[in-house]
Amino acid sequence: MKLYFKYMSILLKSQMQYRASFWLLSIGQFFVPFSVFAGLYFLFERFGSIRGWSFFEVALCFGVINMAFSITECFVRGFDIFSNLVVSGDFDRVLLRPRSTFIQVLGSQFEFTRLGRLLQGVIVLVWAAVNLSIRWTVFKIITLILMIISGIFIFTGIFVLAATLCFWTIQGIEVANIFTYGGKEISQYPLNIYKKWITRFFTFIIPFGCVNYLPLMYLLDRTQYNYHFYMLTPLIGILFIIPCLGVWEMGVKHYRSTGS
Amino acid sequence: MPQIEVSGIYKTFKVARRSSGLRQAVKSLFYREYDTVEALKDVSFTVDTGEIVGYIGPNGAGKSTTIKIISGILVPDRGKCTILGRVPWKERISHVRNIGVVFGQRTQLWWDVPVIDSYELLRDIYKIPRREYMNNLDLLVDTLDLKGIINTPVRQLSLGQRMRCELGASLLHSPGILFLDEPTIGLDAESKIAVRQFIKTINREKNVTVILTTHDMSDIEALANRILLIGNGRIVYDGNLNDLKGRFSTHKTIIINFREYNSPIDDKTLGIPGVSIVSCSQEKLTLRVDGNGILLTDIISRLSNIVDIVDISVESQPIDELIVKLYREYVI
Amino acid sequence: MKAYFSVFKLRLIYGLQYRAAALAGVATQFFWGIMHIMIYEAFYANAASAPPMSLKQVIIYIWLQQSFLVFVALWIRDNEIINLITSGNIAYELCRPCSIYGFWFAKLIAQRLSGAMLRCLPLLIAAFLIPEPYKMALPGSLAAFLLFTVSLFLGLMVLVSISMLIYISMFITILPVGSMVVFSSIGELFSGMIIPIPFMPSWLQKIAYFLPFRLAVDMPFRIYTGHIPVSQALQGVLIQLIWLGVLILTGYASMKKVQKRVIVQGG
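If you read the sequences in order, they're chains A, B and C. Remember, the working numbering sits 2 above the position in the first sequence when you count from 1. Remember, the working numbering sits 1442 above the position in the second sequence when you count from 1. Remember, the working numbering sits 1024 above the position in the third sequence when you count from 1.
Only chain A is shown next, with the shape it has when bound in the complex:
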């Protein structure tokens, strides 16, 4: 963990060498999802609601997912652009160092400018939270925070899986976008607006349901019973990272036997 922060500080130092472009890019990142959010707003203005969800309820979801995603993009960037490490052969260097491959790849890159996007996620979240008639309790706030954390773990897991794919194919890597960016896109709306198979896939295979639809039901007091279960679903999302790490280890093993 200490090593992770060391990596972070050296890369922050690197990016600060280009200070002006760093800040401009951060500001740019703040505005990027703005147009997407504007599109969402206009659709609600036109249609009123989506399968019984109001604008601010969806905005809450949007805020949570975008916060989780931007934090992941910032701190797990090493896995996001892992294909570069494989193509350039620098992954060999990782294997030459007496530390786990996971921590080294994690530390190989940070994209601090994504924090601009985080800020927008925060603003949307706060705006939605204030406008919704939720009676906020300590448990609800904990659940909300857990939703964000769980989202970070799920996105990290997906990034790790996508990176693992690089050990087999570099070109096919774009397909991973379905789960990274696609996962983000899809879970900006509560999952039950989609067809059953999509909802099921993104609940039971990739547990996005655990960060938006299920805990949202609890936050909005829409559960009649079992509300403890709904409250704790984000914890299940966190567990998603475990099989992903297993797959990563398999990928490293494959790489070391083929060296491609």
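No lab work stands behind these hints: they were computed from the structure. Incorrect hints may appear among the rest.
To give a feel for the contact side, a few chain B residues facing chain A, derived at Cβ under 8 angstroms [claimed, not checked]:
{"#": "1", "residue": "F1455"}
{"#": "2", "residue": "S1513"}
{"#": "3", "residue": "V1555"}
{"#": "4", "residue": "L1563"}
Built from N, CA and C at the ideal position, the CB exists for glycine as well.
Mind docking chains B and C on chain A? Use the hints.
Same frame as chain A, but now just chains B and C:
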């Protein structure tokens, strides 16, 4: 007991066949052929502590595959390998703690920050104790003359300066074995000599074993007492550089300058079998001497009967030519 | 002209070599299309008032958007050109025996054409084969289809001439990527990439119709769906031509000016 023991290593790769042209490209959308490449076939050798070994061979002969296997990056198909009592690919983490690797073409330093920051991070990665780190750093700064450049970002360094910093980086954790992959590639003459000098020093003073791959034969001549030659995935020669010269240098060239002499000298006037005249002028004679059995004194005494010798120089075959011959001999 | 053609062919071969990349791209965009259709489907399920476009029209719009993504996306950047400008190596480019404006323009068009060719056909076939209600549909009439083709290509040229202006502006102030990111995300909104323009509130529609961005995305796609009738479509093509003329002339002139500056300052 040898420090590095490699025996019977095999490794094969699958490579996709790629062809040019629009039609071929469309075709490859549907199916693709693979070739199997046998990168290493029954590679065995041992290296003792403190040796400097030059590992040479043409491109694609299997040099870097070997290096990757003994440094623990790759797992071979079969064969055995123990380094300092460990199997590199089985105990990767404890193995790599004891080796240092420099790739001449790639950097292990962080590009945009001063060199010293990279070193500090490496200290954390290798968990080097403070005292050991300080000692090594002092030593390396001195011997590599890093004082003036250690606070400069890597991207502002010249290639030669960068290579010195790379060498430093790979020795911070006091490894017992150092792998150098083309450490002098692209360097100017001065930097080359500095790098070689440093390798010698570190080998002598810290008894570091060095395995060096290079295409620059003068590196080998300056550093290695032993060479391993690999071709087509097999070790084809393992031995002393001088032995190699003895075995393969088929001829020497002798140039003799003398006072002006007007009648031409031909092979007959010289009359020594195995010695032939390459060129002849009124003041200079170039001879080619084949084989090792001919004594230089014979030639000189024979010539001094004819002309007044002013100067003699003997040139043996350049090592590059030797290596080319060696490659041909083993059809690699 | 021959040089432009070989640039195009090279790109195509390059793209074909990476079959897995092309396949992965098609799969991703197919998924994207399905996902967006589902979102609209959910909105339409209990719409309070009559929406400005029928669901089928939106579905066609989405499939066209996914198929021709490489054609119409503003955010595609050519790093080679950016590097030329920022590194000052532009001097070499000035040595070529053709105008930079023309050459870059052709290069950018070739890139988008070859990129789209590989992906749009498989994606459209897939979109035609899937069951209702997600199925893609044929255009309303032959006239609509012809006008769609014309306006799609003109739209592509409008888009490229806009991005040419961005590149040229990079000469004057080394505008970093940050501001380009903002610019393209705003341009995307006004082009109809995020939602078709009829879904916007009327005040925003006015702005969108005033700007040239929608000529590349919203207009051709809605001509195909029949949402824009043939008579209006003809007008639209005329507007495209006018915009194209203005944009290219502006670009060409400012490129000349900038080139002079580069020569004087020595890069």
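Structure-based check of all given hints:
{"no.": "1", "hint": "F1455", "verdict": "7 angstroms, holds"}
{"no.": "2", "hint": "S1513", "verdict": "6 angstroms, holds"}
{"no.": "3", "hint": "V1555", "verdict": "5 angstroms, holds"}
{"no.": "4", "hint": "L1563", "verdict": "5 angstroms, holds"}
In this structure, every one of the numbered hints holds.
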